[in-house]
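Following the hints, complete the assembly by docking chain B onto the known chain A.
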Amino acid sequence: MVIALAEVSKSFGAVRALREVSLTLTAGRAHALLGENGAGKSTLIKVLAGVHRPDSGQLLLDGAPARFASPADAKAAGVAVIYQEPTLFGDLSVAENVAMGRHPTRRGGMIDVAAMREQAEELFARLGVDIDPRRPARGLSIADQQLVEIAKALGSDARVIIMDEPTAALSGTEVRRLFGVVGALREHGAAVLFVSHRIDEVFELCQEATVLRDGGFVWSGPLHEQTPDSVVRLMVGRDLDALFPKQEVAAGETVLSVRRLTREGVFTDVSFDVKAGEILALAGLVGAGRSEIARAVFGVDKPDGGQVLVRGKRIRAGSPGAAMSAGIGFVPEDRRQQGLVLDASIERNAALASLNRLSRLGFVRSRDERSLARDWAVKLQLKFAHLTDPVAVLSGGNQQKVVLAKWLSRRPAVLIVDEPTRGIDVGTKAEVHRLLSELAAQGVAILMISSELPEVLGMADRVLVVREGRTVAELARAEADEERIVLAATGVAVA
Amino acid sequence: MKRLLRWESALFVLLVLIAVIGSAATGGLFLTGNSLFHLGLDVGEIALIALPLTLVIVAAEIDLSVASVLGLSSALIGTLWNAGWPLEAILPFVLVVGALCGAFNGFLVTKLGLPSLAVTIGTLALYRGLALVVLGDQAVADFPYSYTQFGTAPIPGTWIPYPMVLFVLLAVVFGLLLHATAFGRAVFAIGANEEAARFSGIRVKRTKLILFTLTGAVSSLAGVVYTLRFVSARADNGTGLELAVVAAVLLGGVSIFGGRGTIFGVILAVLVLGGLRTALILGDTSTEVLTLVTGILLLASVLAPAVTKRLTRGTS
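As they're listed, the protein sequences go chains A and B.
The opening position of the first sequence corresponds to residue 1 in UniProt numbering, with each subsequent residue numbered one higher.
The opening position of the second sequence corresponds to residue 1 in UniProt numbering, with each subsequent residue numbered one higher.
Same shape as in the complex, but just chain A (with noise of 0.2 Å):
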């Protein structure tokens, strides 16, 4: 045992974010905390790296009671948290990122340039992997700059390592790297806690997992002992009927035509067609040019070629406005970013994309601005204390669901989802899935894009592979497989 929480507290005001819960940490061991948004896991993760301190139960640090009053505490027992969107200086190199904290001095206090390097080197070595320490941090993929985070733990002599949702941004070679990452952490004989909502990975990749639901312990165990399904069934606290419920719906005329698209540099010649009642899917590897492709056509960027048109009748390029007045909504890849205002209320954001339509001579009917919201929210099932909070406060699901509110509430005749239900539990993940099968089936045309093959292949009636900026492949239904996509999408030539 490294470290341990014994029947932990916590919390924040009148809201239980943990009810004695125990979690043990063994080194060289992968463990894996399972648990829908809103469970406790975040909470969890803080305590163990000293940012909030439990109101009741113990912290055990090689089973001695121990307290972290601060962050540096947890850093100095040998805890490091690896979050999902690092934190790098983006202008010194990696070799000084790494060495951050810990330079490595030469007499009379000047840093020593060649053995921060040579550690840089040394520790991507014990890891497996390739970054060239002299290059500047900027500009290295999500999944680079994961790794350079774990190389900075694991140079300042980390024992325990927390993973945050790591693979949420990653594509599939990245995350059989990282696995491989944590199969040399673990050799090394550090603890491993790693927090997915992909439970195929997480079964991959840990030996044990603890369970958390709202707040409350639920199992703690080997992995060995549960099947996928049954730690949904824990996770959930039900059992859910099918993940992916894609209605088989008649495909009407085609609604969005894409034609020869191309910005160059990122994407070139791309055309496609959706019909109503449709749900195409782009497939391929985060960075092939799916989303970049999705924001031109909604406008955002501007391509340099090529056309979108809808029902046959072609739009103005590079005008979200345009595209929306033809009837393409666009739910983001990043919620948090591109979906909402985050320090705006639920109402504020619902009613965003449709400002134009609620108000009269310029002034927003406040009214109507609240009755869209409160009308969408009770068919989405939001969970919400007050139209006026910030969205910011919502759960992660949750926060998805305003984003689809506002754009549900325009009735649009094409919609576009980029990874929509990145981040999201497992539970509203389906309510995700239902809902975009019912609009399909109402008539809706639909454009996903998604880094999880399980949802591609349940989701999609047809699926269009990417690569590079190019459309390599296209599956109907019936031949589409993991194994297809996947060599499609890596450059392998299809039979």
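All clues given are correct.
Listed below are the simulated DSS-like cross-link pairs for lysine-lysine, each with C-alpha atoms no more than 27 Å apart in a straight line:
1) B:Lys111 <-> A:Lys302
2) A:Lys313 <-> A:Lys302
3) A:Lys302 <-> B:Lys205
4) A:Lys75 <-> A:Lys46
5) B:Lys111 <-> B:Lys205
6) A:Lys46 <-> A:Lys383
Bear in mind the hints are in silico, worked out from the structure with no lab data behind them.
Structure of chain B alone, referenced to chain A:
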């Protein structure tokens, strides 16, 4: 929202305090019609410019060229008057020039993507320079009384200065624009998260261009008021006034980071600053003290949200 209401209540208390202490210290001189008239006149230009600037700052931009536009407007009035233009033609003309100055700021910010802080520091110098080119160092003062009484005399039978009427009118217009219209919603959204605003179909660039243009036009209007009040068109009129205007907006509870603020708060802040100024002048205090107090209030208004945040975090 609640935070802002609390902020405005604090400003209101401050205002009452100033009135009470001001009256006591000046033997009741403070709350007389005559001092209130001068208070109204004194803050006139600051109050006018603070209105559109509130919207600019809520949209997370800034305009520091406002006082220079005021000066340019004043210089143009002088030159054109010397050239024999009637004031009926001069006034609309300078308003258009002011709007163009603002639009030029907006153009540089939106089309070229430059930060407004840098752009308007540049045009602060540019427009003031233009004012000097236009009028040189002379002062033009021979305006007809029918016009200058607008800036120097109260509305007959009251203590209300004419510019105050203009201010109330514009305060209603800008208050409605910011708080009741789709345009205002867009301004808040842009200030809080420009990217999310763009992803919601809001025309961010156009909105900002309009805000800068309005600010230019109102700054120019403030130039007209200033010129008539002092019965003097000079190129250096209103030098340094931009700091007082920014101070008023921030003291009014508008977040320097954008996305937060109310016109009502800014109006209260203008009154607080004007009240202080009048109280200090009536109490025969030097204007240096006034600058000092303004600076302290400005710092306090920027610090207060951070301090309350730390305090509330400490108790949780």
